[in-house]
Amino acid sequence: MAAAGQTQRPRSRLGDFLETRLKAGELFNALVHVRIPAEARPYYLGGITLFLFAVQVVTGTLLSLYYKPTPETAYDSVKFVTSVVDFGWLIRSVHHWGANLMIICLVLHVVRIFMQGAYKYPRELTWIAGVGLLAATIGFGFTGYLLPWDQRAFWATTVGTEIAASVPVVGDALLNLLRGGADVTEATLSRFFGMHVLVLPLGLGLLLVVHLTIVHQLGLANPKHPEPRPGVVDRDPPKGPERLKPFFPDYILDEAIAWAIMLAVLVVLASVFPAGLEDKADPLKTPAHVKPEWYFLSVYQLLKLVPRIVGIMAPIIAIGALFLLPFLDRNPQVRMRWRPLAVLVGLIAAAATVGLTIWGQYS
Amino acid sequence: MDHLFDRLERGTGMTRPARLGLLLVVLAGLGLALAQGVGAQSPSPDASAGPVATTQPSPGSTASSPDANASPSAQPSEAPFPPPSAKAAAPNTCYACHSAIAAPQRAIADKWQASVHGQNGIGCADCHGGDPTSDSITDAMDPAKGFIGKPTRAQTVALCGTCHSNVDRMRQYQIPTDQLVKYQASVHGQRLLVAQDVRVAICIDCHGSHEVKKASDPTADVYPLNVPKLCASCHSDPKLMAPYNIPTNQYDLYQASVHGQAVLERQDLRAPTCASCHGSHDAKPPKSTEVVQVCGKCHTATQALYEESKHSQLAVGPKCWTCHGNHDVAQPDESRFFHPTETAFECTTCHNPVDRTLILNADRFAKDADRRCDTCHHNASQIYAQAQGIHDTLDRANQAYLKAQARVKEAAAAGMIVTDADVQLTEARTSLIRARAAVHTTKLTSVATLADAAGATAAEAQAFADARLQESVFRRQAMVVVVAIILFNVVLFYLLKRRIERDRKVA
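One line per chain: the protein sequences are R and V, in this order.
Each residue of the first sequence is one higher than the one before, counting from 1 in my numbering.
Each residue of the second sequence is one higher than the one before, counting from 1 in my numbering.
Keep in mind that the hints were calculated from the coordinates and are not lab data.
Be a bit skeptical, because a hint or two may be false.
[Unchecked claim] If you want the footprint, here are the derived chain V segments under chain R, 3+ residues with CB under 8 angstroms: (1) 407 to 419; (2) 473 to 480; (3) 488 to 496.
Glycine is no exception: its CB is placed at the ideal position from the N, C-alpha and C atoms.
Sequences are here, hints too, so could you generate the full structure?
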């Protein structure tokens with residue numbers, strides 16, 4: 001984001017009051033009054049994900065005021081929030097849909113970055129931090145899914161953690177670490193709750209600071225031209241000087257419109273399809289069709305189709321490759337037409353993941 | 001011992017010195033066995049065997065006197081059978097040759113090997129006789145060594161009974177030993193043993209011959225879920241049943257019945273198959289007077305209620321089958337009380353036309369549509385009025401339940417949490433089931449108490465669901481308002497953006 005300070009406007013009395021005490025005007029100007037490439041097409045996916053994270057923090061905090069993390073009380077406390085507490089159903093339903101939408105937007109954000117080649121020099125660390133954010137978000141979903149302690153939560157976690165047991169060498173230890181024992185018990189609930197409200201928020205918060213700081217420092221990537229550096233030839237060089245537009249208010253206003261629309265979507269989903277609650281978890285009563293959460297369905301389905309070792313190693317290698325993508329893909333070009341192999345591999349991986357997810361859902 | 005000598009002499013034509021030599025060998029073997037602490041009659045799997053061929057039972061003799069073999073008291077003293085494990089250890093030349101002859105023979109040999117008998121060392125010679133240790137065809141299949149080839153159907157029953165009536169032999173497998181006795185008391189057994197009718201079912205018709213499987217094996221024909229089809233394989237065949245003049249539609253009726261649907265469609269092992277009511281080895285239709293006990297074996301609570309009723313006190317009163325039928329038992333509900341339209345009333349259904357004493361004309365209940373209260377009770381009678389009262393109170397409760405169920409379903413479909421209403425519905429349904437069962441008492445007060453409780457609980461569930469549905473409507477109305485406010489803000493943001501862009505162009 002090419003920094004370009006703007007002319008200082010006269011401050012209000014409140015502005016004077018704050019500036020006198022905080023001396024934060026320059027920092028604020030440096031953060032907000034910057035310019036970005038006019039050709040940037042971010043589709044607001046990163047910003048929407050950030051908005052949804054904020055929604056999750058607010059609704060999650062409210063839910064934690066009522067939630068009791070033991071097998072005896074968890075289900076009843078969630079039922080109480082949903083059925084008795086004023087607007088508890090809304091808070092819980094927004095939290096439920098916010099989690100799902102956050103994962104969807106984050107995945108789409110990753111796809112956008114991949115297709116625009118925005119992970120390439122000099123944004124490798126931004127990408128790695130971003131993939132870390134994706135992992136943390138999925139971790140949020142996975143740990144949060146168990147907390148209502150109903151049949152769906154219990155058995156989805158049972159089969160979900162079972163996937164971890166397939167990892168070679170450390171599978172059993174990993175399963176034990178996740179569950180806090182051989183089975184899904186109160187130990188699992190305690191550690192999932194701890195992960196969900198302490199470890200993951202701290203981890204995600206730190207990664208988010210790193211990610212946003214680097215984004216600010218480097219600015220938005222130009223989807224048409226690679227970052228200039230010695231030895232790299234732009235195969236489609238710009239015809240004139242790079243066109244820029246102000247981050248504030250232009251981009252921020254667009255982002256605000258996107259957030260407002262997402263808020264409306266959340267309200268509609270929460271009202272029309274409120275978060276449900278099945279029967280209380282019963283370890284002795286296995287439901288007919290046990291499946292993990294939808295974002296694990298592709299791995300779950302793969303495990304059913306191929307030998308176990310292949311089924312678990314394929315996603316592990318894929319995650320590893322995703323982290324190291326900027327270092328594996330050495331092609332400096334960013335336009336899709338100049339990087340057909342990467343685009344083809346990406347499309348195949350995306351189609352396989354979507355296909356396996358749909359297959360897993362209906363199998 | 002003389003008996004053994006006689007048999008050896010008749011069977012083998014041995015000279016006396018040869019017999020003495022053989023006796024010495026037998027005695028030496030016996031002594032060795034005793035020295036190892038194992039009695040020749042012990043059923044222990046560890047028992048080492050005496051010579052197999054010499055202790056082979058004569059199939060012919062067992063077939064001619066099955067009762068003697070069936071008698072539990074006679075078993076221990078006259079059971080010179082080597083234990084199965086001993087036979088398993090002995091060379092089985094039958095299998096070796098027959099599996100090498102031709103495909104059909106090999107198939108038989110393989111079936112035996114996979115069977116429960118093959119797995120437990122019950123060899124070919126145990127049923128067919130002969131010497132399984134000899135590799136000479138003439139010697140191994142020598143009639144003098146007890147070889148009988150394919151046993152006759154009567155022989156087969158006795159052969160199976162030889163082992164399966166032996167308590168000592170069956171103890172290790174923990175299976176009953178009363179099959180032969182029961183079979184002899186069954187219609188099948190009576191026809192075979194008394195009327196010499198070899199067309200009736202014998203052991204191998206249900207269990208198979210070489211391929212005998214455990215009854216607990218789901219692939220076995222005698223596994224409970226497969227029993228209806230097994231019985232139907234004969235009883236639905238008009239040609240086979242023609243000589244006996246019995247109907248062949250039982251399977252069709254059973255298949256459509258509440259019992260048949262549970263067994264055949266839902267694989268519910270708790271539901272009755274043919275054998276549950278008729279018996280298996282002791283198969284025989286239960287008598288009219290026995291039906292209450294037979295049904296009561298599962299429907300215990302209903303039987304107790306029935307026994308409180310006036311019906312049970314009548315010598316010729318209605319039994320379970322009168323209202324529910326037998327093979328075609330349908331799901332009971334309130335429609336079973338009365339004919340939908342007024343029907344021709346026949347006094348002779350329940351009264352002897354000569355002296356007016358009570359009777360029960362079974363033919364009047366042959367059709368399911370006639371198994372109704374008003375088949376016996378005239379619509380102007382006091383008892384009919386009582387039946388009407390029972391019907392109405394049940395119908396009210398059922399309607400309340402169905403209405404509540406629909407509302408709860410509607411609320412659940414709207415995404416509302418209705419677990420409390422589900423619990424109430426379950427309670428209402430339980431009360432309704434109990435009220436329906438109380439019909440067997442024929443007492444209005446017993447039924448009404450339970451039916452009213454069911455109706456009241458259903459009403460609570462409905463009130464809960466109504467409240468949830470109202471809340472759902474409020475949520476959606478509020479949603480429209482909130483979304484409208486958000487979209488208004490979106491429009492404001494958009495207009496602001498346009499204004500900024502316009503101002504920038506002007507500047």
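Are any of the numbered hints broken by this structure? If so, which, sorted upward? none
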